[in-house]
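Peer 1: Sequence order for the protein chains is A and B.
Just remember that my numbering sits 295 ahead of the position in the first sequence, which is counted from 1.
Just remember that my numbering sits 1037 ahead of the position in the second sequence, which is counted from 1.
Derived from the structure by calculation, the hints contain no laboratory data.
There's no promise every hint is true.
Unchecked claim - If you want the ones that stay clear, here's a sample from chain A, every Cβ over 10 Å from chain B, calculated:
id	residue
1	GLN359
2	ASN392
3	ALA412
4	GLU440
5	GLU447
6	GLN483
7	GLY512
8	GLU517
9	ARG559
10	THR598
11	LEU612
12	GLU665
13	GLN670
14	ASP680
15	GLY729
What the hints assert, rightly or not - Below, a list of computed lysine-lysine pairs in the DSBU-like style, where the Cα atoms sit at most 30 Å apart:
id	chain 1	residue 1	chain 2	residue 2
16	B	LYS1413	A	LYS668
17	B	LYS1397	A	LYS518
18	A	LYS518	B	LYS1413
19	B	LYS1070	A	LYS438
20	A	LYS668	A	LYS722
21	A	LYS431	B	LYS1391
22	B	LYS1391	A	LYS321
23	A	LYS379	A	LYS431
24	B	LYS1099	A	LYS379
25	A	LYS668	B	LYS1391
26	B	LYS1281	A	LYS379
27	B	LYS1261	A	LYS431
28	A	LYS438	B	LYS1391
29	A	LYS379	B	LYS1391
Yeah, the Cβ is synthetic: ideal placement off N, Cα and C, and Gly gets one too.
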Amino acid sequence: MTILKRLSPLALALLAATPALAEMPKGISHFKLDNGLEAVVIEDHRAPVVVQMLWYKIGSADEQPGKSGIAHYLEHLMFKGTDKLGPGELSKTVTANGGMDNAFTSYDYTAYFQRIAADRLPLVMEMESDRMANLKIGEDDWKAERQVVLEERSQRTDSDPGAQFGEERSAVQFYNHPYRRPVIGWRQEMEGLTRDDAVAWYDAHYAPNDAVLIIAGDVTAEKAKELAEKYYGPIAPKADSTRKPRPQEPEQRADRRMERSDPRVPQPVLIRTVLAPERNASDQKQAAALSVLAELLAGSAQTSVLARDLVLTGKALYVDASYDGLTVDPTTFGISLVPAPGTSNADAEAALDAALAKFLQDGPDAAQLERVKTQIRASRIYAQDSAHGRAYDYGQGLSVGLTVEDVNDWPDVLGAVTAEDIREAAKLVLESRGSVTAWLLPEAAPANAAPGPAAEAAAQPVPTDAANTEVVQ
Amino acid sequence: MIRALATFAFVALAALPARAIDIQQITSPGGIKAWLVEDHSIPFTALSLMFKGGASLDAPEKRGAINLMTALLEEGSGQMDSVQYAEAIEALGASNRFDVSDDALVVSSRALTENRDEAAELLRQALAEPRFDADAVERVRAQVQSVIMSEATDPNSIASKEMAKLSWGDHPYATSVNGTAESVAALTRDDLIDAKNRVLARDRVVVAAAGDINAEDLGKLIDKILGDLPETGTAPLPEKAQLKLTGGVTVLDWDSPQTVVSFAQPGLPMSDPDYFAAFVADHILGGGGFSSRLMDQIREKRGLTYGVGTGLSNGVYGETWAGGMASANEKVAEAVGLIRQEWDRFGETLVTEKELTDAKTYLTGEYPLRFNGNGKIAGILAGMQLIGLPADYVNTRNAQIEKVSAEDVQRVARRLLDSNQIRFVLVGRPQGIQASN
């Protein structure tokens, strides 16, 4: 199989020492309970620490129109207790045992995690399984928590013109798919969310057959399975809890342009996005080519295509390219830049277009592609240093419909990308109709505002990936 | 969860890992000391070098020189220009990060075992022979200027800069390591060379490594990496900063629906006999996330904020007891009032038995969780050396937390916590709260 071909000599030596595990990477195992709960165990015995992550395959893109924000609001309310646990008691118990916990919501999933001493794993598994089945939301709690999520929106989005612009860009990029709505919700809809909405969401979607359990760290596969059977095994699956197919995008034929000025913006930023395919089970080749393409275009501040053509030549201060294929439905490929002082916005955009056209003509540089592949091989070794990071890889992958094998194979699929694959990927996203080109611009501050910088100020490029925004509890 | 908490990374770097971590203290053939945790299960080594003083060693009128110099270390050295250098690193699958703060210039490096020596040679070259090519200087200078302007429109940066200014008088802590638009614009290549000579020297470096390397090989490696640096830096290490902070409210107008709040009062050094009592007190008051009194009162009970947190902010050269929050303009006065109320209420009664036990269990139990990974271990061990902790501190620290009684917590609270001493910096358009002197 292809795995062997891509391994470095050192990794081969490791593999030879454990020939029985040739099917799965060292320390990774996988099982499914009778009630449908899928689990992955990632063993790392170097420190007495364990991470539990429980991922529900439901997110904001599964919300009904008019109820935006309910997935994230419920995530907050999941800390309000059960028959056994009082409001906030789960987090307090984790903290009192020397651990930390949190949760996050995205378009495609909602996840809860704890990081704690390995001997406390049964405790956190007991509490997490308890709230899978027995959530209680008190009458006093839900209104205060709605204020908290509104404050969260104020802090993350409404205080940040770049974040506000990101919401508007997504709404323009997607005509029909719910990725057009922000994960945290539109403010006026958040203000109307109720306890009944939250309970209905919980009852419909929180079930073992639509969840993925990841246990990573100082635990054996046998012990993890035994604990999973004990705590999650008795919970009944739910019929019809699985997410329904969402409305999909029609073909997009029109390029669109957007512009927004705000006195809080220090310096112009150009962000261009276009729809792009996501990673799919047993079909990750195109996504891998797009990932390598993003790396070639802007993965290095010195050696990437756009850094050489735009930054080293003094036309741009920063460039970025972003793509993350870990989504259920088609996602976006994005490019952004901040023009250098003295370069007009129009000239900077023209220079970007010229650089991309040249790349489409010439294709990838062989030496640069080889270096990127070396980094991919190295990063799979470095990745073993973080059990938490690998827990994230498997949890996110399985939550968006990939298999454990797909996640295992990903570094090999990346390593197998050819120059021809990259040319095709580049044509797909760089020649595509339907791009959204957006300029976020500064504006002279009105006389009564705080003294801010004039027009020549600056910003880092803002993230361009529409479909991966996460909101943390 | 709360951005404000991230600034307190140097709080409490120590405790006894539940599974003993074996720290080897070595001296290289060239006489450089280093701490090492060997672990051969993954074929790479993480290395952390911290040069004491960091950006606080900027020469007078040259604020920002050390920051700009640091950013240029990866932009060409020896016979390589910036592109050639980056290509060489990429071809090895290695990485070198260069960061600078008020307290240290930090080099975080990782390299595969199979090409560790070549990666070390590139790191040696970056530290000993940076070129400061004119085109690279201008490009990175423009990027730094962009960061400076960006911070000027970020309410969190505005609040923290104002707090630093009010706190630290004429000590470098009072101003940003980035410098100002004017100071950065005026920096010359000679200033950058001077900046390098002030901070990059063997008499001010601490070294830690973790991963697939033994003591003998590490000794040779660090001699190679650091051997070409000067023996001594040209600037004396910074002096202790004198805290100038006064109680009161500062309001900076900012057009936003929400007010960002930064607050601070005098803290205490780690050498203070009551340090651990204060550490426990802080956890119960505001440091403990969802289990803290401030979070309970302000977020959980009233929904006035997404997050509020406090911490003992102990830098190498000065310390405060500080916190942060954001709250809607029309509600921030109530939230600030609750901070004052909990602050003053704290010393009036003993903390409950449950609060004390929960705080201790967390603070002693959380520590070993930090040691999961070569990169993290190397960073923690270098950080311990930077703030002057002995290696065996990991064996004594938990016992000192366990010893703290409710009376100790009350004593230190009565001694230090005083809402009249808190300076609140509010950036926004807060209603119902007035600026004072």
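Peer 1: Tell me, in ascending order, the numbers of any earlier hints that this structure violates.
Peer 2: 2, 3, 4, 5, 7, 9, 10, 11, 12, 13, 14, 19, 22, 24, 25, 26, 27
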